[in-house]
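With the sequences and hints as input, model every part of the structure.
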Amino acid sequence: MAVSGKLVSGGILGITAAFGFGVYYAQVYGYYEELSQGEVALTSVMSGVPERIPVSDFEGIDANSSPIRYRACFKTPLSTALLTETFTTITKFEPRNAPDWFSCFDANQIGEDLKAGLATAYMGEANFEFGIDRIVAIYDDGRGFVWHQINDCGDKLYDGSQASENCPERDQ
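Per this note's numbering, the sequence shown starts with residue -8, numbered consecutively.
Keep in mind that the hints are not guaranteed to be accurate.
Using 30 Å as the maximum straight-line C-alpha spacing, the simulated DSSO-like pairs for lysine-lysine come out as follows [to be verified]: (1) K106 - K66; (2) K83 - K106; (3) K83 - K66.
Cβ-Cβ distance ranges computed for the label pairs, FRET-style [what the hints assert, rightly or not]: (4) W92 - A9: 20 to 26 Å; (5) K(-3) - G29: 19 to 25 Å; (6) S70 - D91: 28 to 34 Å; (7) S94 - I6: 30 to 36 Å; (8) G2 - D143: 45 to 51 Å.
If you are wondering where the hints come from, they were derived from the structure by calculation, not from laboratory data.
Glycine included, each C-beta is placed from N, C-alpha and C at the ideal position.
Given below as structure tokens:
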């Protein structure tokens, strides 16, 4: 019995579509875990050590498939004046896009607002995992956002070049 070319083509297209949907679902939904509680810490200017700040309305997502998938949104009662005097501000930031379903986090808007001076970026924790920094952006009204980004040590790790002396020892 001969198998029709249309049947074979339809089967291939069906398998391809199912595979494509599976990959899409895994990337956008499958690996993420929603977090309803979390802590936010900023690096102290005095000690160089991350210190927790008070937060409310925390929403977050994370995935164990990649260290840069973490995103969080929160509110803090602390003023910008207190935060900028107490904690380390940074000028190198790159908010990472979040899945569309995590609607409190708009990386493009956060990035534009940081560049325009409507929000301030702080070092949450440098090299909390080798090559990855936790960055926190806070607006004057207390809205805050957290993401992970690759730092210079991570760039060296991922491009295969030699890490600089400023990089911490890497856990194997």
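Here's how the hints hold up against the structure:
1. Among the hinted pairs, K106 with K66 is consistent with the structure: their alpha-carbon atoms are about 20 Å apart, no more than 30 Å.
2. At most 30 Å may separate the alpha-carbon atoms for a hinted pair to count; K83 and K106 meet this at roughly 10 Å.
3. Between K83 and K66, the direct Cα distance comes to roughly 22 Å. Compliance with the 30 Å bound is thereby established for this hinted pair.
4. For the hinted restraint 20 to 26 Å between W92 and A9, the CB-CB distance of approximately 22 Å keeps it satisfied.
5. Judged by the Cβ atoms, the range 19 to 25 Å given for K(-3) and G29 is violated: they are separated by roughly 53 Å.
6. Checked against the hint of 28 to 34 Å, the C-beta distance between S70 and D91 comes to roughly 32 Å, which is consistent with it.
7. Distance hint for S94 and I6: a CB-CB separation of about 33 Å, consistent with the stated range 30 to 36 Å.
8. Between G2 and D143 the C-beta distance comes to about 49 Å, which sits within the given range of 45 to 51 Å.
Going down the numbered hints, you'll see the structure goes against just number 5.
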